[in-house]
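Given chain A, work out where chain B should sit, using these hints.
Those sequence lines, one after another, are chains A and B. All letters in the first sequence, in the order written, are residues 16 to 105 by my numbering. All letters in the second sequence, in the order written, are residues 203 to 409 by my numbering.
Treat each hint with caution, since some may be false.
Simulated crosslink set (BS3-like; lysine-lysine; CA at most 25 Å straight-line) [to be verified]:
hint	chain 1	residue 1	chain 2	residue 2
1	B	K380	A	K63
2	B	K348	A	K63
3	A	K63	B	K264
4	A	K22	A	K75
5	A	K75	B	K330
6	A	K95	B	K401
7	B	K401	A	K66
Cβ-Cβ distance ranges computed for the label pairs, FRET-style [claimed, not checked]:
hint	chain 1	residue 1	chain 2	residue 2	range
8	B	Q329	A	A82	30 to 40 Å
9	B	R396	A	G70	16 to 26 Å
10	B	R277	A	L40	37 to 47 Å
11	B	D227	A	L40	13 to 23 Å
12	A	R46	B	L263	47 to 57 Å
13	B	N326	A	K90	39 to 49 Å
None of these hints come from the bench; they were simulated from the model. Computed from a predicted model, the values in this text were never measured in an experiment. C-beta: ideal position from N, C-alpha, C; glycine also.
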Amino acid sequence: MHLVTCKEFLQELNDFLDEGLDPKLRQELERHVNECPNCWVLCNTTEKTLKVFKGMEPQKVPPAVEARLMAALEKKMRAKGCATVKKADA
Amino acid sequence: MSTSTVSPGFDEAALVARAKAGDADAFSELVTQYDRRVFRMAKQITQNEEDAEDVLQETFLKAYSHLDDFQGNSRFYTWLVRIAVNEALMKLRKRRSDKTVPLDEPIDTGEDEMVREVAVWDENPEQKYSRDELAEILDQAVQSLKPAYRTVFVLRDIEELSIEETAEALNLSISAVKSRLLRARLQLREKLTRQFKRKGDDAFGYL
Numbered sequence: 016m017h018l019v020t021c022k023e024f025l026q027e028l029n030d031f032l033d034e035g036l037d038p039k040l041r042q043e044l045e046r047h048v049n050e051c052p053n054c055w056v057l058c059n060t061t062e063k064t065l066k067v068f069k070g071m072e073p074q075k076v077p078p079a080v081e082a083r084l085m086a087a088l089e090k091k092m093r094a095k096g097c098a099t100v101k102k103a104d105a
Numbered sequence: 203m204s205t206s207t208v209s210p211g212f213d214e215a216a217l218v219a220r221a222k223a224g225d226a227d228a229f230s231e232l233v234t235q236y237d238r239r240v241f242r243m244a245k246q247i248t249q250n251e252e253d254a255e256d257v258l259q260e261t262f263l264k265a266y267s268h269l270d271d272f273q274g275n276s277r278f279y280t281w282l283v284r285i286a287v288n289e290a291l292m293k294l295r296k297r298r299s300d301k302t303v304p305l306d307e308p309i310d311t312g313e314d315e316m317v318r319e320v321a322v323w324d325e326n327p328e329q330k331y332s333r334d335e336l337a338e339i340l341d342q343a344v345q346s347l348k349p350a351y352r353t354v355f356v357l358r359d360i361e362e363l364s365i366e367e368t369a370e371a372l373n374l375s376i377s378a379v380k381s382r383l384l385r386a387r388l389q390l391r392e393k394l395t396r397q398f399k400r401k402g403d404d405a406f407g408y409l
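Okay, chain A solo, but in the shape it has when bound:
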């Protein structure tokens, strides 16, 4: 089995985290990450970084901004001959 270096591990880190790798390479990387404390911390904290970002729900669009958008859309729809737009209540 090929022994993965830290540099190689770093190059494959994205795919390792995104689960898009061929099983053999994944196995080699897993072996490296389990034996190399530095790469283990690197991988673990990168994974947590992504998790914390993905955990953030987008905040509501400010009502005034949404009202401006809906008004502009309504105007456009009227021009196109559509029925009136229902006010979005996000």
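Chain B alone, transformed into the frame defined by chain A:
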């Protein structure tokens, strides 16, 4: 793509079909479904509230005007993101006084500087902060990235587009997306580690 932010019972394809047939309510439902995500993405790319408001408006107006051009080859949301990214990048370019096109910045591929801080984090560090404090920390971290990295990260890891969709939206090669994404992730990891690392557990302290 994750469906975690999509309301239960939301049928994108059916709404798009109704909107295309001229149903205004269907289109406003699509707006309600996606406006906060488009707005967040616009804020993150432009780093400017006022620009983000314009981007939000322009995106949905354009989407409405060009609805007939949407062939359904991709998800409607991906199509919407592509419009929003173009609008946001135009704003970004307009604001930059040095006239550098942000996505064409030379990418430094030196790897040695990518990893400096190696320290384990607290268990669930995010729970130590209020929602607003955490949002502030994350926003500042994203803001510190160069636009070329930031845009890729926002599309791939926040809006959860695939690598292929991100490449298509930004008109970049798959390998460019991958290398920028790695760079962005590592830089953010570095910033957040400074914030979230376990107390007394300084670099290499655990060894």
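Now for the hints, and whether the structure bears them out:
1. K380(B) to K63(A): At roughly 19 Å apart (the allowed maximum being 25 Å), K63(A) and K380(B) satisfy the hint.
2. K348(B) to K63(A): holds (21 Å)
3. K63(A) to K264(B): Not OK: K63(A) and K264(B) at ~37 Å, beyond 25 Å, violated.
4. K22(A) to K75(A): violated (42 Å)
5. K75(A) to K330(B): holds (23 Å)
6. K95(A) to K401(B): violated (61 Å)
7. K401(B) to K66(A): Since the Cα atoms of K401(B) and K66(A) sit roughly 21 Å apart, the hinted pair holds (cutoff 25 Å).
8. Q329(B) to A82(A): 30 to 40 Å: holds (35 Å)
9. R396(B) to G70(A): 16 to 26 Å: holds (19 Å)
10. R277(B) to L40(A): 37 to 47 Å: Roughly 30 Å apart at Cβ, these two residues miss the hinted range, so it is violated.
11. D227(B) to L40(A): 13 to 23 Å: violated (50 Å)
12. R46(A) to L263(B): 47 to 57 Å: holds (53 Å)
13. N326(B) to K90(A): 39 to 49 Å: holds (47 Å)
In summary, the numbered hints that this structure violates are 3, 4, 6, 10 and 11.
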